[in-house]
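*Asks:* Letter by letter, the chains look like this.
There are 2 protein chains.
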Amino acid sequence: MTTPAFIAVDWGTTRLRASLVDGAGAVLGTAQSDSGVQSVPAGGFPAALDAACAPWFAAHPGVPVLMAGMVGSRNGWVEAPYAPCPAGPGEIAARLLAVPGAGRDIRIVPGVDCRWADGAYDVMRGEETQALGTGLADGLLALPGTHGKWIEMRDGRIHRFATFVTGELFAAVSASFVGRLAELPHDDEAGAALAAEAARVPGGLTRGLFQARARALAGDLAPAGVRPFLSRLLVEAEIAGALDLFGRPDVVHLVAGEPQRSVYTAALAQRGLVVQDYDTPAITLAGLTMLMAART
Amino acid sequence: MTTPAFIAVDWGTTRLRASLVDGAGAVLGTAQSDSGVQSVPAGGFPAALDAACAPWFAAHPGVPVLMAGMVGSRNGWVEAPYAPCPAGPGEIAARLLAVPGAGRDIRIVPGVDCRWADGAYDVMRGEETQALGTGLADGLLALPGTHGKWIEMRDGRIHRFATFVTGELFAAVSASFVGRLAELPHDDEAGAALAAEAARVPGGLTRGLFQARARALAGDLAPAGVRPFLSRLLVEAEIAGALDLFGRPDVVHLVAGEPQRSVYTAALAQRGLVVQDYDTPAITLAGLTMLMAART
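Quick mapping for you: the protein sequence lines, in order, are chains A and B. Heads up, the first sequence is in UniProt numbering, so the first residue is 1 and it goes up one at a time. Heads up, the second sequence is in UniProt numbering, so the first residue is 1 and it goes up one at a time.
In isolation and in its complexed conformation, chain A is listed as follows (with noise of 0.2 Å):
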């Protein structure tokens, strides 16, 4: 049997996903729980981790574990300060911060934080490991989600980057404004066409999110094409603004799971740009094995 190197846990909001991996990167077993940081009580930490990993730390005591994601904020285990752009893997791994008191080798990996020039900041939190986990050197990730992260890289660092709330904006527009239409189901078939031209509406999104009324009440847009159109219509402007933000990339690297995936597939292909595709869980991993041998 082969030996453990260590645990990687990707510790979410929401979720908590733990891997046992070998000294060769070779994923030896996985456990999840839904002990989200948001869910875990104050001084609850030790016990969630403990109820996912309970047989890998009894088959294999000192077992180190590295952690990344929001277990690291504030409002997780213990917060692990943010490392400043431009950070690679050994100004990452460098800052890991050991759980103290643990009784056991853990650590935490830090988020990142960027200043941009014009006084603009910006924090992320377990978008870093992926954006290593890519192995992408040179060139712009895009990581759509409730607060989805547009990445540049350079020599393999993350060199700057920038925050759009895209998701939670589309949750608060649809709890809103769009009222009852929001609780009609999706159809993409029915927005499709009109979802497409929401990419032109010309006048800014406090515009085109009017249009998604008007055009329904018109009859333009079939009542189950509203969702598809105010996603679409959030999209554009994020696309738009990381372009205007970074210039436009002959690729743009898309870190996403369905539907987002499609969405924003669709979007930049209606702008001529080349997607490449990751896959979320296995650059997540490949970013904790990263760091695993870059730490000191």
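Warning: the hint list may mix true and false statements.
Computed Cβ-Cβ distance ranges for the label pairs, DEER-style [said to hold, decoys possible]:
hint: 1; chain 1: A; residue 1: 217; chain 2: B; residue 2: 217; range: 35 to 43 Å
hint: 2; chain 1: A; residue 1: 44; chain 2: B; residue 2: 217; range: 23 to 31 Å
hint: 3; chain 1: B; residue 1: 14; chain 2: A; residue 2: 259; range: 33 to 41 Å
hint: 4; chain 1: A; residue 1: 101; chain 2: B; residue 2: 270; range: 47 to 55 Å
hint: 5; chain 1: B; residue 1: 118; chain 2: A; residue 2: 282; range: 37 to 45 Å
hint: 6; chain 1: A; residue 1: 46; chain 2: B; residue 2: 34; range: 50 to 58 Å
hint: 7; chain 1: A; residue 1: 277; chain 2: B; residue 2: 118; range: 28 to 36 Å
hint: 8; chain 1: B; residue 1: 270; chain 2: A; residue 2: 248; range: 27 to 35 Å
Quick look at which bits of chain A chain B covers, simulated, 3 or more residues with Cβ under 8 Å [to be verified]:
hint: 9; segment: 116-128
hint: 10; segment: 154-165
Think of the hints as simulated: they come from the structure by calculation, not from any bench. Quick reminder that beta carbons are idealized off the backbone N, C-alpha and C, glycines included.
Use these hints to put chain B onto chain A, whose structure you have.
*Replies:* Leaving out everything else, chain B in the frame of chain A:
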């Protein structure tokens, strides 16, 4: 005593305002109530009007009534179909809707709708009366609000217009991801410096919204400055969108009460635009008086 010519009613979503007007447009008396369209039960419109105007109806049994606003919407007293753009006093007055079975001469001003060449569609109800009431022949009107309108006037007619959901988005965003921050008091002093900077956040609204949180986290933005920052951010997005749609005018004709008047004036002035102010109740009355004179 002057003989009243008509009762002018501005009946919106949350309020009813009535004025008894003489033939020269002078106001002989005013009344108002909280019986906005959203709080009037089905069939309750005649009683709600009587409650506000009963003394006038008793003293001047034949006095006609002209009403503008959401009272003519699908959820109002009677739905008054939209007049299409371009729409001036003649076109709108020709479509005044007589309320059937009212037992007196009660008419409702229709809203106006607008189909843009690119397929965008827009509607207004109430603002058409205010726009006419400004007396502006040619120029760009801004009427900020929950669903703010920008209206291009040509030859004394509403040529085309667009809606921006700035007020509604501010409420949705405040209720959502600004979270606890939004419960803090609005302090214009604390937000002033960064609010002006919010005008220049590149990357669009979905990035700018996150800046409110990130820069509060970084300590750049005092907690009481978060709401002014967000407000200014949304206002800037609206102004940028409107100038993109309508072109940059020399003067913006602004119809707004406080605090919108100050926020928009500061944002417009920062862009080097001259602002001409109007008093909302005065122009609403002027618009109704103009339509009363133009009716056939």
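*Asks:* Quick check: do three or more residues in the segment 154-165 of chain A have a beta carbon closer than 8 Å to a beta carbon of chain B?
*Replies:* As far as the segment 154-165 of chain A goes, the hint holds, because 4 residues have Cβ atoms under 8 Å from chain B.
*Asks:* Return holds or violated for the Cβ distance of residue 46 (chain A) and residue 34 (chain B) against the range 50 to 58 Å.
*Replies:* Once the Cβ atoms are compared, 56 Å apart, the range 50 to 58 Å for residue 34 (chain B) and residue 46 (chain A) holds.
*Asks:* Return holds or violated for the Cβ distance of residue 118 (chain B) and residue 282 (chain A) against the range 37 to 45 Å.
*Replies:* Since the Cβ atoms of residue 118 (chain B) and residue 282 (chain A) sit about 42 Å apart, the hinted range of 37 to 45 Å holds.
*Asks:* State, for the Cβ atoms of residue 44 (chain A) and residue 217 (chain B), whether the hinted interval 23 to 31 Å holds or is violated.
*Replies:* Because 25 Å falls inside the window, the suggested range holds.
*Asks:* Could one say that the CB atoms of residue 270 (chain B) and residue 248 (chain A) fall in the range 27 to 35 Å?
*Replies:* holds, 29 Å
*Asks:* Between the beta carbons of residue 101 (chain A) and residue 270 (chain B), is the distance compatible with 47 to 55 Å?
*Replies:* holds, 53 Å
*Asks:* How about the segment 116-128 of chain A: do at least three of its residues have a C-beta closer than 8 Å to a C-beta of chain B?
*Replies:* Three-residue rule met by the segment 116-128 of chain A, so holds; n is 6.
*Asks:* Evaluate the given range 35 to 43 Å for the C-beta pair formed by residue 217 (chain A) and residue 217 (chain B).
*Replies:* Taking Cβ atoms as reference, residue 217 (chain A) and residue 217 (chain B) lie about 40 Å apart, which means the hint holds.
*Asks:* In this structure, is the beta-carbon distance linking residue 14 (chain B) and residue 259 (chain A) contained in 33 to 41 Å?
*Replies:* holds, 38 Å
*Asks:* Assuming the hint says 28 to 36 Å, is it satisfied by the Cβ distance from residue 277 (chain A) to residue 118 (chain B) or not?
*Replies:* holds, 33 Å
Against the hints set out earlier in the document, no violation occurs for any number.
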